[in-house]
Every structure is written in structure tokens, then in C-alpha cells.
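> Between the sequences and the hints, there should be enough to build the whole structure, so can you do that?
Residue numbers (this note's numbering), protein chains in the order written: chain S, 326 to 632; chain G, 326 to 632; chain X, 326 to 632; chain P, 326 to 632.
Among the hints, erroneous ones may be present.
One copy or two, either will do: identical chains are not told apart, so a pair holds if it fits within one copy or between any two.
Derived DSSO-like pairs (lysine-lysine); straight-line CA-CA distance at most 27 Å [claimed, not checked]:
| no. | residue 1 | residue 2 |
| --- | --- | --- |
| 1 | Lys626 | Lys544 |
| 2 | Lys610 | Lys432 |
| 3 | Lys411 | Lys609 |
| 4 | Lys333 | Lys432 |
| 5 | Lys333 | Lys547 |
| 6 | Lys386 | Lys547 |
| 7 | Lys365 | Lys483 |
| 8 | Lys544 | Lys343 |
| 9 | Lys333 | Lys343 |
| 10 | Lys343 | Lys386 |
These aren't lab readings, by the way, just hints derived from the structure by calculation.
Remember, predicted model here, so these are calculated numbers, not experimental data.
The primary structure of each chain is shown beneath.
There are 4 protein chains.
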Amino acid sequence: MSNIPFDKILGEIYTQIKQTPNEGNVASYIPELATIPRDKFGMAVVTNDDEVFFIGDSLEKFSIQSISKVLSLAYANSLIGPELWKRVGIEPSGNPFNSFMQLEYEKGIPRNPFINAGALVVADVLLSHLKNPEEDFIQFIRAISKNNSIDYNLHVAKSEHAVGYRNAALVNILKQYNNLNNDVHRVLEFYFKFCSIEMTCVELAQTFTAFSKRDQAFKYGKVTLTTSQVKRINAIMQTCGFYDEAGNFAYLVGLPGKSGVGGGIAAIQPNHYSVAVWSPPLNKKGNSYLGMKALEWLTDKTELSIF
Amino acid sequence: MSNIPFDKILGEIYTQIKQTPNEGNVASYIPELATIPRDKFGMAVVTNDDEVFFIGDSLEKFSIQSISKVLSLAYANSLIGPELWKRVGIEPSGNPFNSFMQLEYEKGIPRNPFINAGALVVADVLLSHLKNPEEDFIQFIRAISKNNSIDYNLHVAKSEHAVGYRNAALVNILKQYNNLNNDVHRVLEFYFKFCSIEMTCVELAQTFTAFSKRDQAFKYGKVTLTTSQVKRINAIMQTCGFYDEAGNFAYLVGLPGKSGVGGGIAAIQPNHYSVAVWSPPLNKKGNSYLGMKALEWLTDKTELSIF
Amino acid sequence: MSNIPFDKILGEIYTQIKQTPNEGNVASYIPELATIPRDKFGMAVVTNDDEVFFIGDSLEKFSIQSISKVLSLAYANSLIGPELWKRVGIEPSGNPFNSFMQLEYEKGIPRNPFINAGALVVADVLLSHLKNPEEDFIQFIRAISKNNSIDYNLHVAKSEHAVGYRNAALVNILKQYNNLNNDVHRVLEFYFKFCSIEMTCVELAQTFTAFSKRDQAFKYGKVTLTTSQVKRINAIMQTCGFYDEAGNFAYLVGLPGKSGVGGGIAAIQPNHYSVAVWSPPLNKKGNSYLGMKALEWLTDKTELSIF
Amino acid sequence: MSNIPFDKILGEIYTQIKQTPNEGNVASYIPELATIPRDKFGMAVVTNDDEVFFIGDSLEKFSIQSISKVLSLAYANSLIGPELWKRVGIEPSGNPFNSFMQLEYEKGIPRNPFINAGALVVADVLLSHLKNPEEDFIQFIRAISKNNSIDYNLHVAKSEHAVGYRNAALVNILKQYNNLNNDVHRVLEFYFKFCSIEMTCVELAQTFTAFSKRDQAFKYGKVTLTTSQVKRINAIMQTCGFYDEAGNFAYLVGLPGKSGVGGGIAAIQPNHYSVAVWSPPLNKKGNSYLGMKALEWLTDKTELSIF
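Set out below in C-alpha cells:
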């Protein structure tokens, strides 16, 4: 049992958040996300002893978006191991998260699996190795979270696909450089589906215990990873999880994590706990404005970070 | 007292290293470095209980080069605090370590204090705030390492300065963008001096306990940092310490650290120990080829990394 | 009547060409182009007095590919005049001809109408303003060339479309930046069609007299341009007609012109003549290896260039 | 004798210019240039029959700045011929005129001799091959212009050198890439000197007849070029003479030319005439705002351009 008073800490953070002007803006390019009330705020912690703490709108579903890239990476890593690193790098991008420049400069090898181009390659790997990609992937997530209600939001997926010109460009560049084995449209379709997965903060924190419990067996359905593999996914979260703000997140928060344009962030203190926070308005770098603050205060108050 | 058998582990690593073909190349652009025998290898650990373990050529001085950038950053941070971040970023560069492109694209604000341009800005800060920059800086390092023998190698400094066209270009770009207050030649002179500092592995590991002992007072001579400031320097080491191989180092080793073209690497396990390794031949990214391996084995054998 | 002995000059060039090792390579990414015999060579001159000179395989049809971009530009310019320059620039690209980088850097405004991205915008303009784009465009070309046999090769168009991932990426980037009004697939379809137009050297030279006769009325079917507009299209050919070899072409040949990956080049000496040359193997910059040589010799022998 | 009524045309242009609001800004980074009255305007034409026409402030000296790059190129080309093209390209830059990016991307080979990096390489060539570079160079220019009063303004040269951080960066990058044989400081010193040359519009137009008289002997003192070499310099002026506005100048004016930040532009109609115009305020691309307009009107009124 953790001796950190998470209930007290979450309460304090919640009070502070409610007094903090939100300088972020809700992502507007996806109609379904644009309508989410900007004052939603939820935060949940799940310790490695399976204690659950939460506050605010933590039982409300939201679109996890790019946070799903950690889960698709874990699955692909389980399927093909280090072969994956021949097709996608593990270095921070150092540039805005959708850069065509970088992909061209590096001849179709995305810098890491968390930029869109990298996640498209990961989607391509899953498509090549899974019989029923959509079904298998959601079953994996349900197995981690022990929650069969988790699902895609096909309406959001379709809506994103319809205006997803940047991703359509990226997938064609990958194909041009021979770093895509499946049809460009099929890859996009699958990619947008797993971005559309919806979870509550509690479910998301629960899901990320798979990474905070790095020393325990990572075995969920057909997906298995070694401790060393989990640690390395954590390392990639640290260096690449926040677009071109990864350094800032390491500096301010000091935990491996991953954000999504839906306003969610999942993070972990290895061997201690996982945490999920949700607040839709994003800062200029595309990460949840209040979510970043809440996590900064969390590591301040717990006096615990990986550094 | 640490319960990790560092003496045994260092012994094993040393045996493995001696059996590993060295695919690296010694940096040749500085005549003084080019002549160092390529089979030198030393490794030293200093625990937070001040136990010292070492093996190989660990008592031999080498040029710490860019590792000194962590120390100049600490000093500048102590002097002007967060003001520093208006003149230099904290994001990984995602590009080769001397990139003119990035500096131009970001209008003279270097991405982080560990790329050369960033360290030149840090040098400029020290020059503006110290009465006797060279003297004050070396006294700071002697205070950390409790070792008055540590000094500049003025011959190396002069030799680097003479062929340092890349850094001369960078310092002029910084000046052009009004991100340099002192004379370009003076900044270069000071920069090359602190790159020329020489230490043994034992001295270097000893010096870096200032960062592994993050919860203890960081107070060395006139330089003081809070725990939070030390943690944040550690975070910057993690995301930016290895040029465009920071992601790979996080992935393989999983410790905050910093390398230098002299073949040295210093790293820390926060709250546990600091480590220094030295092997002159560098991999293609400019980091010690065997040094990287030795540290990867260290975190494997200790089953301890920050992730 | 021109007093230049073009018959003699073409004869000399032909002899020289047959003795020159061809260091170029036939474009292989389009199956239909890859099968063209590499030793094909044709060259035709049409003077402003309508005298026609030709040699070699000048009566054989080939795929004019990007040369059609001059014609689509002329049509779009006739339709919307200088409004066009709000959506596409007139500066040389200074980079390889398909650069995603540049398009991103310039926020979806292609540098000029002769790089692929620019020609896609031009295609979008034609689609928005023509009732029957394919029909209207081919009728324009038939009107210039006074030749009703000129047509699309739908087999080539379809074949290029199937593997046209680069162009698919570009068209999506344009759409992303709101510089495309029509459906991405429709724009690509039309673009590949007008790239697939086939002409003989004689037909191509005949067609380009519309630009060498700059002081006469440019009025072909519904398409009309002023002398000033024609001169300006000629200027764009000069500065942008040869991908990132425009400077070299100006230097060696000194005539406004445009090349295509089918191995064709059309060029003009304003107020004197137009010339077309065809030799499938391309140099490293994507321009016909022997075609460049033939035109260099032509301006040497005629002692006439615009400079 | 030219049958174009240049006196009448210059008069009309002058009247129009005086009625045109000047939207340009005088270059402010060089103190000596910043003080020039912004309403100065001069324009001079010298025909190939040596007729001279001029209007406005055409007998007042101004700093020709980058226009001198055409003259240094001619001299270097005379000295080492095509060897020069191994060290500097002939393609338009497609980017702002001082780009570090491009120089790094192309490994120290400047794109053309008219961007600063290219002109620094040309200066290096002259330094290597001339006994008394400053003296020999000014004698060459005096020989062309038949005017012994033409000279450097050493005050301007020194003033530019003192704040020339961009050029200091470029020269160090060139040295780093081994594309500079002389000392960086010496190259800069010479470069700034030939930028500081002062001429009147009449003198400048007179000087550029060396390029408009392409079919006559180019032989001035020790400097000789063939007709073909002169044509090729003219071609480079056309594609590279106006920074990243070369395409626009070709489009609007249609003459080979070169501009300088002092507000001067020299241009030629091959085989007809040369023209110089001077108006200090620059447009956003760094070219004389009214100078561009005056030349556009000149080619409109003469109905003569190379296209």
C-alpha cells in the first residue's frame, strides 16, 4: 500500500485547478471534440497495489486519441520485437508533431512511434500480423483494463478520417518510401479507429498500470512483454511522449507519459502508480493546459519523480 | 550503504568490454585527442554513501569536453535562475549536435543548453555575471569534487580554438540574433577552456554525485541549487544529454547522463549513485562506443534504471 | 524566313548525339515509360515563319509529362489572370522537384506552377472553372497545334495514378492548407491525365510556337493571353522550368523551356523559333541527358540565346 | 544608334516615380547607409553605341554593395575558368539570401556566386590568385568604366565589418567545410571592401555595358572573358541576381540584373543597352522598391525584354 496520501493530494490539486484560468484551447479540427465543454476536469491515480483515487469528471468517457499510440506500440513490440526499430526510430522529433520535412529528410523512417507517421507504421505492422486487427486490439485493451465496455467511437473515427488530410499525406509519403505494406486507405482507417477509443480517467489510469508495474508480468491476452521491454516503452514515453514539448514535460513533471488532443494525459511513476488526467483545452504545443499543471503539482506534492 | 555488488559488476563489465570489438573511432579533429590510445577503458561508481568503486584506467586524466556543459549549466542556473530559459530552450534537438539550421529556424534561441550553441549562451551568461570566470568556474568544480588538482588543459583549449570554425560560426549567429552579450572571441575562449577540463573517471563520478544526491543540499562554494533545480537538470540530461542519440540512450541505458567527444560519459541513478566511464572511440553519433555498452550492461546487471 | 540553316545544324547535332555515350537513365517508376527504347532521339524546330525542320525519331509520339504544365498554366492564366499568383508563387524552387519540406515551410503555397504541387493547384483552378475539364483542355492543345490527333493516353494516366504516392501526399498537404477547392482524388485524376498527353517532337515544337510568337495574338479556342502574359510565362519557364537545374539550363542553353520525365524538352527563342527534343534517358536532376546536350549545341551553333 | 527614345522614356518614368508612394525601407543595419535620404532617385541608360541617358540623382555616388558580386565573379571566372563551379553552384537559392541552412545542407558549396556565401568563396579565389587583390580589383573596375575616380569607401567597409556577424558565421562554415583557402578574417576584410565600392548611376550603367556588349571583346586590363562566358554570367544574373525574388524580377522586368542593399540595381538588355537605377528604400525581399518599378516600366515602355 502506498504511503502517499493521494486522496488529499488530488483534493488539493482539484481546488487549485478550479482557481486557475485555463489558457488552453479545445482542439477544433475534429467536430466531435470541438463540442466538449472546456471546463471538464478529471484526475485518477491507480497505485501498484491497485488502490484507486479519483476526483472531478473521472468517470466520464473521453477520446484518448494519441494516448492509444502507447498501446499500439506495446502490441506491435510484442508481435515483432526489435524488428520494429528497422521501420521507426526512437529519437525525439524536435519538431512539430506532423512534420513532413522530417519524414522526407529521413527517407520515410519516422523518428519515433508516437509522432503520427510512426504510429501509422505501427498500425501497418498490426494490420500485417493480426487476423482481426480491430477486434484483437480492443480485446488487448479490455484485457489490460479489465473492462469490457471499452470500445471505439466509430463516429469520431469516421469524422477524423474525413478531414485527415495531414495523415493522408503522411501515409502516402510512407508508401512512397516503401515503409508501408498495406493499402494506404486501410492503414488510415485502422489508425483513426484506435485514436477514437474512449475511456474514463479511472479506466485510463487502470490501463497504464501495465507500464507502472514494470517488474510484474506484462501478459494481457495474446500480448506479452518482458520487464526490459516495458522499461524501454517507458523510456520512449519520456523522450517522445509530448510532441515537441517532451523536454518541458520531463523538466516540469518528470514522469514518462503520453498526451492526446482530446485533452487526456496518462503518466506513470515506475513501480509506484499510474495517473490519468483530463482537461480538453490544449496549450500551443497540443498538450492539455491544465493537465500539465495538475501533473506538475502532483510530482511537487508527492516529492517523487523519476529524476 | 548500497546493497548492489558494484565491485563484482564492474569486474564483469570489464571482462566483457575486453572481449568486445570496438567499432568506434577516436575523434580526430582535435590533435590532442587524436593521439589518445583507443584501448583505454576506465569506469568508476560513487554511491550516495560515498563508497567508491572503479576498474581499468580509472585514475588516468582525460578531457571531459562536453560533459562540462552540465557543470556550466548548473552554475548559470544558480546565478540567474529561470531567466536562463528565455535565452536557451530545454527540448531535445532531434538533429546533429552542431546544427546551424535549427539555430536559424529558431531565431538564435538554441534548443537546449547541451548543444554547442546552447553551451555558448551559458558561457556568455557566466562571463556576464562572474568577476573571474575561469577562476570561479574551476573553483566550483574543485568544490564539488573535493579535489584541488582539477584544472583546464590550456594546450587543448588553444588547439580546439584554432580549428573551431563550427563554434565560431555558431557564436556569430547568436550574436547576429542578439543572444550574446559579450564579445564573440571572449565567449569562444572561455567555452573552449571549460571543455578542456581534465578528470579521471573517479573524479568525474565524484563530481556527478552532486546530481545523484538530489535530495541533499547542492551547495558548493558560491553555487547553490534547490532539489527541484537539480531534478530538472537531471531531466535535461535525460532528454538532451546525448546529441541526437538521447532517445537511444534512454532506451538502452535509462539513466540521465552526458557524454563528451573525449570518450567520457557521466550518468546518475538519482538517489543511488553516479557513474563515469571512459573509452575514447566514438560511435557515429559522437558518443563513446564502449561507454554506451558498459552503461547498458550496468543497468541490466543492477536491474535498476529510472524507468 | 529565318536565315539560320536549321537543317544543317540539326544534321550536325544528330551526328554528334549518335557519337555521345548516354549517361542518363530512363525513368522507371512508370511501367509504360520504362519500356521505351533508350536510344530514341528526335529533334524538331518550328520557326516563327512556320518553317519546320526535324531529324531522327521526330514523328514518333512520346509522353510529354510535365511539359504539359506550361499549357495548363497558360489556360489557368487565361481564366483567372493574376488571381492565380495568390495560390502559387513564381520563384525557382531551389530544391528537388517534389519537396514536401518547401510546401510545409511555405504553408501550402507552392513556389511555382511547374513543381508538382504548383501544377496540382493549377489543375484545381481548371477543374473549378471548366465545364468539361478534360475535353476543354485537349481542345485547347489541339487548337494550338492545329492537330486533332493529339490526345491523352489513359493507360499511362491510370498507371501513374496507381503508384503516384508522392503526388497523393502533395495534394493532401495542399488540401490541409486550404489551397485546393476540389476533391483530392478528382484533382489527381485530372493532373495525371494531362501529364499523359502524347505528342511527336514536331507536334510539340509546333505547340510551343504559341510562346515563341510572343508578339502575335495568343488566341486558341477559348484561351487568350496578352503579349505581356506570354512573356511572363516565358520568364517562368526560364527560372523554373528545369526543377533544381533551372540555373544550369539557363547557363548552358540560355533559352526558356520545360522538360518532362518522358525525356522531352520544349524550348523557345522568343521571336525566332521553338524547338522540341526527345531522348528518354534522364540525368540525375530528372532532365533528358542528351536533350540538354542537343539544346546546348543548338544555341552554340546558332550563336543565339536570350542572354 | 538605338532607335528607342530613352530620353523621353526616362522622363516619363521619373514623373511616375515622383508620384508613387515609396513603400520600401532603407537598410538600417549599416549606419552609413541608414543616413541616406530616402527620396534619392537616379536612373541611367548606356546603349551599346555608347549613348548615355540619365535623369534625377544620377551623378551622385552611392554604395553599390552586392552589385559588385557580378564584377568579382567576372574577375574570378577570368582567372580560373570553370574550376570555379567546383566550389560554388549556379542554381537559384530559393531561400533568403543569407541562409545557413542551405550551406549546411549542401556541405559548404554555396548555391550561386551572388548569395553572400558564394561571393565569399569568389573573394577567396581572388585572394589566392591576385598579388594585390584590392588594387587589382579596383583597377579592373576602373578599366571597364573608364573612370579612375571609382574607389572603395573604407569607412563603410570597416563599419559593415564591425557588425557583419552573419558573414562571419558564413565564412566560418565555409572554412569548416574546407571551401576556403585563406584566413577567415582576410576573406571578410576583402569582401567588405568590394561591397563598399561607390559609383553614380551613370558610372554603374557604363560599367555594365561590359555585359550588354556580349558580342564584343570583354578585355579590361588583365581580365578577359569569351562571349560565351559573358552570356553565362548574364544567365546567372537572370536566375540568381535578386535573392529570393529572382523569379519575380524575371516575371516583372525580364532582364538579367543584380541589386544591392544600397538601393542600386544594374541590368542589361543584351546587345542593346545597360541600365542602372538607384533608390535607397528596399522592399521586403531586399531589393530597391522603386528601382524594381522603374525597371518594370522601362521594359513596358521599350516593349523589349529578353523573353
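> Of the hints stated earlier, which fail here?
Those not satisfied are hints 4, 5, 8.
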